[in-house]
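K.L.:
Now for the letters of each chain:
Protein chains: 2
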Amino acid sequence: MQIDDIMLWSAQAFEQYRAVTPPLRAAFLEKIAAEIEGQREVLVQTAHEETNLPLPRLNGEITRTTTQLQMFANLIKEGSWVEAVIDTAKPDVTPPKPDLRRMLLPVGPVVVFGASNFPFAFSTAGGDTVSALAAGATVVIKGHPAHPRTSLLVFTAMKKAIAACGMPANTIQHVADEGYETGKALVQHPLATGVAFTGSFQGGKALSSYAAQREVPIPVFAEMSSINPVVFFPDALRQQAQQLAQTFAASITLGMGQFCTNPGLLIGLQSEETENFLQMLGTAIAASTPQKMLHNGIYKAYQTGRSHMLAQETLTLVSETAAPAAEEAWPALARTTGKAFLANPSLQEEVFGPYSLMVVCADKTELIAVLKSLRGQLTTTIIGTETDTEKWQDVIAVQTTLAGRVILNNAPTGVEVCAAMVHGGPYPATTDQRFTSVGTGAIRRWVRPVCFQNFTDAMLPDALKKDNPLGIWRLVNNEYTR
Amino acid sequence: MQIDDIMLWSAQAFEQYRAVTPPLRAAFLEKIAAEIEGQREVLVQTAHEETNLPLPRLNGEITRTTTQLQMFANLIKEGSWVEAVIDTAKPDVTPPKPDLRRMLLPVGPVVVFGASNFPFAFSTAGGDTVSALAAGATVVIKGHPAHPRTSLLVFTAMKKAIAACGMPANTIQHVADEGYETGKALVQHPLATGVAFTGSFQGGKALSSYAAQREVPIPVFAEMSSINPVVFFPDALRQQAQQLAQTFAASITLGMGQFCTNPGLLIGLQSEETENFLQMLGTAIAASTPQKMLHNGIYKAYQTGRSHMLAQETLTLVSETAAPAAEEAWPALARTTGKAFLANPSLQEEVFGPYSLMVVCADKTELIAVLKSLRGQLTTTIIGTETDTEKWQDVIAVQTTLAGRVILNNAPTGVEVCAAMVHGGPYPATTDQRFTSVGTGAIRRWVRPVCFQNFTDAMLPDALKKDNPLGIWRLVNNEYTR
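Top line first, the protein sequences correspond to chains U and E.
Note that the UniProt record's numbering numbers the first sequence so that position 160 is 160, with each residue one more than the last.
Note that the UniProt record's numbering numbers the second sequence so that position 360 is 360, with each residue one more than the last.
Hints were generated in silico from the structure; no laboratory data involved.
Only true hints are included.
For identical chains, the list gives no copy identity; a pair is met inside one copy or between any two copies.
Distance condition first, Cα-Cα at most 25 Å in a straight line; then the derived DSS-like pairs of lysine-lysine: (1) 77 to 90; (2) 184 to 205; (3) 465 to 391; (4) 466 to 391; (5) 372 to 205; (6) 77 to 159.
Only chain U is shown next, with the shape it has when bound in the complex (with noise of 0.2 Å):
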């Protein structure tokens, strides 16, 4: 594989594609959205094959894709995205103030790696891909390597959009997996000017550390690891026990766990009512049903994890499945106490699937010192009352500081795909907390702002000339118009 040329047309791809219009831009992930929506039956077919997702799951995974390609579409033909600023000269001032006015523009070429997990949503077509075509990014996949035939098939179909709507051959460009190097190679690469990937914290320390290592250093996007802490108040517990232990049996053994959102920490208060939950819970988790999970690496990893911590003497079996067949994974629910879960912090690393522990905390400040000591995540959830929330407000003051997303009595497994989405966090749930990969957010990832000083309106970009042709909102002398 000669990353050489592949970048090196990705950089002349840049170079056309950056000034497609935003019309013709949307349009063309429009197209994209149908190419892939044509081939349907095969695509879902194939990763099923491949990941053995059930159907249901993967064509509700194809509507996510293309849902999100029209999201991003809409996005750009609407255009207020690229944050116009405009501050007009002030010539009579002493020293005078000249004409200042800025956009957002893209960076260039983008390397996007594929998740093991959303054959579809998060990988060749997914989120990655599409905000960066979306900012005027060209577009270099790494496939990933669990399902080839799948990515290809996707990639196809981008190619095909790309012909029909005349944009330059490699505004995006496909490479399948030559293993470890080549994903190295592409992060090294002088052209490359950003990177987005989702996967394992070691994957992505990896990526971070080579872009850091460059001459000229660009940012991983990297999305890695994280347990999705929920805390159960007493009164809720107290409440609603039952129903709270059905929604979260289903939520842990959702797609046998493997979700980033998966909640694999639970938190309570050492009481009647949490033992009653626990109980109710692992009632529920043993009820359910183990089945194959992504690919043998995932499995392999799985049982290792959870063998690991069933291993580890403060911790306690609450229950599990009966055991599996091969290859599936087992569901397990395990305990400790506050202290024992202080004491070791090998407790709060992930176990990719479905696994979760129950922290059954001494007290108030015990439980506030769980939370603090964890590191930081996608989600934080609270399960409580209207009495919970205003009795424990400095418990759930301590969750807002932990994770991209806050949530109150939903389960954390369900990520939307809209302008309000944050799906990022503190290290190492993400590299970087100050973005997001799902959501119009995500946008953000691949552009920088650029200012234009004393331009004349012929020289100006469509978003920043006098009479706004393009209907947009920008921030003209401090205050908001369109």
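Model the placement of chain E on the given structure of chain U, informed by the hints.
P.N.:
Only chain E this time, still in chain U's reference frame:
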């Protein structure tokens, strides 16, 4: 110096300061401005003694500093900067969509390194500190060793504002320089969440490397190195050579060239007009008055850099002033060919001071090659008539990719403090081209988006409540409203 204590106090103060309401935070910034204004005379005199900068310049810089404080006070009083985004629930779709609301929240204690060349506007109470305070972050300032008394006086003024406004005592702390190790310890401290630095490439690179090696890496927003290339197009040189020579001689020697945006690289096409302009520019620079530099370290670095450049075989001295007195900078203009510049990357190293190099290119192809060979820049300038800007569009397109600010027919020195400003640019101009260190946009370095899912109105921050009690602009279901 007990760095552990200082960072712990900062983290404790953050717990309270982050909850201070926007109007009170704005009043606090205004009070800092008032305290600095009240000390104007002694501050200017002290800084003059410590930095050799002339009194009028320092007076102007105090005004810039207080204006900056007022600008951030206005920003947070207006309130829309938090980028509130709301997607309301859709309970009737399958699966039901929860209510999602996001806004920007401060990340935690910030470490600010004072800059040597702006003892007020980029130091103790400068843009980095003020943007962090506006965001709701607490600040630990590492005073610059070249103006210790000035730094301490400014800090004392800030302490008075803290007391007068009843802010947590450790909202701002000041660490007098105790050498290299102190800065390193601050950046490496687990409680630090971000760093601001303006200075040398070596300094910025070292800090970035400490930050990347932490268990939890944090961003270092370093503004490091820029030679601010200016392209002089033929028609402009034909029509305005004398005026351009005066403007650029003044810009090159302004403040003895001790500005990040000093035009250190001039680029033109081989022609009679270029020769004529070079002669006029040389005459104007030779007529400038050498002055003392900020401190001995900068003076020595300038002398070394200047001598190193002038010793290059392919570089010719065009003009210099008469030999200056001891410790005064010696302004100089040199020239070389495009070919020689392309063959010798060291010619684009920054010589911080009143030195500038004109690169005379054989033709447009060579000029574009020279531009493409440049590292990332804070600014790039186009000097051209309407005839020029129409004729040389492909050159200008390359310039736009080089820098955070693209200027038409102005000198690059002079950085307005306003919403549209971008003082940033591709590496090594800064470590992260996605951010600016001047203007209201600077606040974004110290915040992260946080999404609240399914929250009750009572539990939401005011910025996200149903009735918009702050009256700010918000994106509600993809429509901007207030």
